[in-house]
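Same order as they appear, the protein sequences are chains A and B. Take the first sequence: its letters are residues 62 to 174, numbered as in my numbering. Take the second sequence: its letters are residues 3 to 113, numbered as in my numbering.
Derived by calculation from the structure, the hints in this document are not laboratory data. Quick caveat, the model's predicted, so the values are computed rather than measured. Hints are supplied without guarantee of correctness; some may be wrong.
Unchecked claim - Here are the simulated lysine to any residue pairs, SDA-like style, with alpha carbons at most 20 angstroms apart:
id, chain 1, residue 1, chain 2, residue 2
1, A, K118, B, T96
2, B, K58, A, V113
3, B, K28, A, G159
4, A, K132, A, V113
5, A, K132, A, G103
6, A, K70, B, G97
7, B, K28, A, P136
8, A, K118, B, E95
9, A, K118, B, A98
10, A, K70, B, E57
11, A, K118, B, L48
12, A, K118, B, G42
13, A, K132, B, R43
14, A, K70, B, S70
15, B, K28, A, Q111
16, A, K70, B, N40
17, B, K28, A, V113
18, B, K28, A, D120
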Amino acid sequence: DGGITQSPKYLFRKEGQNVTLSCEQNLNHDAMYWYRQDPGQGLRLIYYSQIVNDFQKGDIAEGYSVSREKKESFPLTVTSAQKNPTAFYLCASSTGLGTDTQYFGPGTRLTVL
Amino acid sequence: SQQGEEDPQALSIQEGENATMNCSYKTSINNLQWYRQNSGRGLVHLILIRSNEREKHSGRLRVTLDTSKKSSSLLITASRAADTASYFCATAETGANNLFFGTGTRLTVIP
Chain A
62 DGGITQSPKY LFRKEGQNVT LSCEQNLNHD AMYWYRQDPG QGLRLIYYSQ IVNDFQKGDI
122 AEGYSVSREK KESFPLTVTS AQKNPTAFYL CASSTGLGTD TQYFGPGTRL TVL
Chain B
3 SQQGEEDPQA LSIQEGENAT MNCSYKTSIN NLQWYRQNSG RGLVHLILIR SNEREKHSGR
63 LRVTLDTSKK SSSLLITASR AADTASYFCA TAETGANNLF FGTGTRLTVI P
């Protein structure tokens with residue numbers, strides 16, 4: 062099965078803790094993205110990567126960090142510097158240009174206790 | 003970033019009726035895409051229309067694009083209860099590396 066997976070589905074974090082959200086794809090896509098979605102809202106871009114070992118900040122990168130050591134993987138770390146991290150996080154990938162069709166994972170719901 | 007604006011924010015119709023959602027944007031684009039999101043799930047790509055296209059069909063979906071008015075519409079014909087979801091437009095702005103997503107239209111189809 063080709064696709065994009067995210068884990069875990071639900072994640073609970075205490076204030077002051079860093080957490081890492083996993084995103085893996087076996088679609089052989091070059092580009093990967095992280096979005097944040099708040100209730101009733103659209104998607105806001107956190108970080109994106111168009112190639113291995115390179116990534117760019119999106120509109121709301123503060124308090125987040127990423128790495129892209131492998132083509133298949135693009136983990137997102139939510140740091141303690143992110144003041145309001147409770148949200149639904151979506152990972153996506155595309156073949157190349159960011160303006161191509163994007164394929165989304167099922168999402169991770171992060172709740173800060 | 004320039005997000006598309008969907009209209010209406012919410013739409014409730016009876017099964018069998020047609021549903022029309024609109025998207026307006028502000029800049030020049032290479033393409034415009036529509037996505038669907040079931041509650042608590044990821045987005046699913048529905049259709050992509052390029053800036054030199056005016057209309058596109060896919061099954062019960064019909065998308066139009068008017069670049070002079072910077073607007074697009076998504077028509078779902080003969081709606082079903084399973085069409086209940088949020089629908090987002092996403093614009094691929096000229097020169098940009100990413101898509102810009104709107105805030106979505108929440109469609110409820112009543113059986």
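Outcome of the hint check:
no.	hint	result
1	K118(A) to T96(B)	holds, 19 angstroms
2	K58(B) to V113(A)	violated, 35 angstroms
3	K28(B) to G159(A)	holds, 19 angstroms
4	K132(A) to V113(A)	holds, 6 angstroms
5	K132(A) to G103(A)	violated, 27 angstroms
6	K70(A) to G97(B)	violated, 34 angstroms
7	K28(B) to P136(A)	violated, 32 angstroms
8	K118(A) to E95(B)	holds, 17 angstroms
9	K118(A) to A98(B)	holds, 13 angstroms
10	K70(A) to E57(B)	violated, 37 angstroms
11	K118(A) to L48(B)	violated, 27 angstroms
12	K118(A) to G42(B)	violated, 25 angstroms
13	K132(A) to R43(B)	violated, 24 angstroms
14	K70(A) to S70(B)	violated, 42 angstroms
15	K28(B) to Q111(A)	violated, 25 angstroms
16	K70(A) to N40(B)	holds, 15 angstroms
17	K28(B) to V113(A)	violated, 32 angstroms
18	K28(B) to D120(A)	holds, 18 angstroms
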